[in-house]
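Let's have the full structure, built from the sequences with the hints guiding it.
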Amino acid sequence: MKIGIVGYGNLGRAAEINAKNLGYEITGIFSRRNVTSPFKTKVFDFKNFGSFDTETDIMLLCGGSKTNLREQSRIVAKRFNTADTFDTHAEIAEHIKELDDIQQKRRGVSITAAGWDPGIFSVARVAFCAFLFEEPYTIWGRGASQGHGEAVRSISGVKNAVQYTVPKEKVVDMILSGEKPLNTPEILHTREVYVVKEDGADEKEIENKIKNTAYYFKGYETSVRFIDENEFEKNHKSLAHGGRVAATSSGAKLDFSIALQSNPDFTAKILLTYARAAVKMNKDGVIGGLSVLDVPPKYLCHDDDFLRFL
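To convert, count from 1 in the sequence shown and add 157; that's the numbering used here.
Since the hints were derived computationally from the structure, they do not count as laboratory data. Mixed in with the good hints there might be a few duds.
[Claimed, not checked] Derived pair list, reagent style SDA-like, types lysine to any residue, alpha-carbon separation capped at 25 Å:
id: 1; residue 1: Lys-437; residue 2: Arg-189
id: 2; residue 1: Lys-375; residue 2: Lys-391
id: 3; residue 1: Lys-391; residue 2: Gly-314
id: 4; residue 1: Lys-325; residue 2: Glu-378
id: 5; residue 1: Lys-159; residue 2: Asp-202
id: 6; residue 1: Lys-177; residue 2: Phe-209
id: 7; residue 1: Lys-368; residue 2: Asp-460
id: 8; residue 1: Lys-455; residue 2: Arg-465
id: 9; residue 1: Lys-437; residue 2: His-459
id: 10; residue 1: Lys-325; residue 2: Ala-416
id: 11; residue 1: Lys-437; residue 2: Ala-250
id: 12; residue 1: Lys-177; residue 2: Asp-460
id: 13; residue 1: Lys-262; residue 2: Gly-207
id: 14; residue 1: Lys-394; residue 2: Val-192
id: 15; residue 1: Lys-177; residue 2: Ser-395
id: 16; residue 1: Lys-426; residue 2: Glu-378
id: 17; residue 1: Lys-235; residue 2: Glu-255
id: 18; residue 1: Lys-235; residue 2: Asp-258
id: 19; residue 1: Lys-368; residue 2: Gly-304
Right, here's the structure in full:
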């Protein structure tokens, strides 16, 4: 499979490594920054994307959901199949509609929300709800969220930042014991933000902007701490994350959990799996904008012997 990578942060680099391990050909990396690849993959300025004409099966959109992913996907999808990890839950339906309008015209495929949440946790939620007739709970962390960290770093005056999603353990214990607390992310989690600010930047202003960022922090119990670069480099470089989807009903408990040493690495593996599925589905005549919930499980297999999993 021939792939291109748009965006070369943690996820883009992880996608390149995993694609190489799978033997895929990478036709190009596109970035707005001056980056280089350890594999000597060709790097192009994204502003010149329109002139790129190398045959490519699918483009992986690896930019941040808060800043440039939707904008770039509208450009890229006009010419290529795409897969992305867009994770702003409230805007996914709108994003799918945009991609569908584009891909219906070129008869291609775009799959969005192809990470772990949204992504494989979305699949688990559908299954748990279907089998237990109960809305499942989704619990994130403790771990560093790529999307939330990127959202903080996009704020003026922020030099670097990390955001940890922290589950409220008492509430988690209630869920796993069969109790049913109010099922909202704000009730289940708190958020911890560590910020390295630019010289002269106003801490109060930055903190206020963080706590009022819609879809990311607004409504959550959020703490913001300002630290120096040395502390950041020493204590806040981990990319570990995890979470679980859990549901209980009379006589049954379902619990699907993940624990990740590298959030970007696992997310890249999921993204590549759904990218491969998009290419297969398009060859089978499927077109349009899709989410992971539209992908039959057989397309996720690395080979055609999917019946062995029955």
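A quick look at each hint next to the structure:
With a C-alpha separation of about 30 Å, the suggested pairing of Lys-437 with Arg-189 is violated against the 25 Å cut-off. Between Lys-375 and Lys-391 the alpha-carbon distance is near 29 Å, which puts this suggested pair outside the 25 Å criterion. At roughly 21 Å between alpha-carbon atoms, Lys-391 and Gly-314 fall within 25 Å of each other, so this suggested pair holds. Using a Cα cut-off of 25 Å, the hinted pair Lys-325 and Glu-378 holds, with the two alpha carbons roughly 11 Å apart.
Straight-line distance between C-alpha atoms of Lys-159 and Asp-202 comes to about 19 Å, which keeps the hinted pair within the 25 Å bound. The suggested pairing of Lys-177 with Phe-209 holds, with an alpha-carbon distance near 21 Å, which does not exceed 25 Å. With a CA separation close to 46 Å, the supplied pair Lys-368 and Asp-460 exceeds the 25 Å bound. Between Lys-455 and Arg-465 the alpha-carbon distance is near 11 Å, which keeps this suggested pair within the 25 Å criterion.
For a cut-off of 25 Å, the pair hint linking Lys-437 to His-459 stands: about 11 Å separates their Cα positions. The straight-line distance between the Cα atoms of Lys-325 and Ala-416 is roughly 17 Å, inside the 25 Å bound, and the hint therefore holds. The hinted pair formed by Lys-437 and Ala-250 meets the criterion: a straight-line CA distance of about 23 Å does not exceed 25 Å. Pair hint Lys-177 plus Asp-460 holds up; C-alpha atoms about 18 Å apart against a cutoff of 25 Å.
Restraint check for Lys-262 and Gly-207: satisfied, since their Cα atoms lie roughly 18 Å apart, inside the 25 Å limit. Using a Cα cut-off of 25 Å, the hinted pair Lys-394 and Val-192 holds, with the two alpha carbons roughly 20 Å apart. Under the criterion of a C-alpha separation no larger than 25 Å, the hint pairing Lys-177 with Ser-395 is consistent with the structure, at around 24 Å. About 32 Å separates the Cα atoms of Lys-426 and Glu-378, which puts this hinted pair outside 25 Å; it is violated.
A distance of roughly 11 Å separates the Cα atoms of Lys-235 and Glu-255; the hinted pair therefore holds under the 25 Å criterion. Straight-line distance between C-alpha atoms of Lys-235 and Asp-258 comes to about 10 Å, which keeps the hinted pair within the 25 Å bound. Taking the CA atoms of Lys-368 and Gly-304, the gap is near 15 Å; set against the 25 Å cutoff, the hint holds.
Violation of the numbered hints given earlier is confined to hints 1, 2, 7 and 16; the remaining hints are satisfied by the structure.
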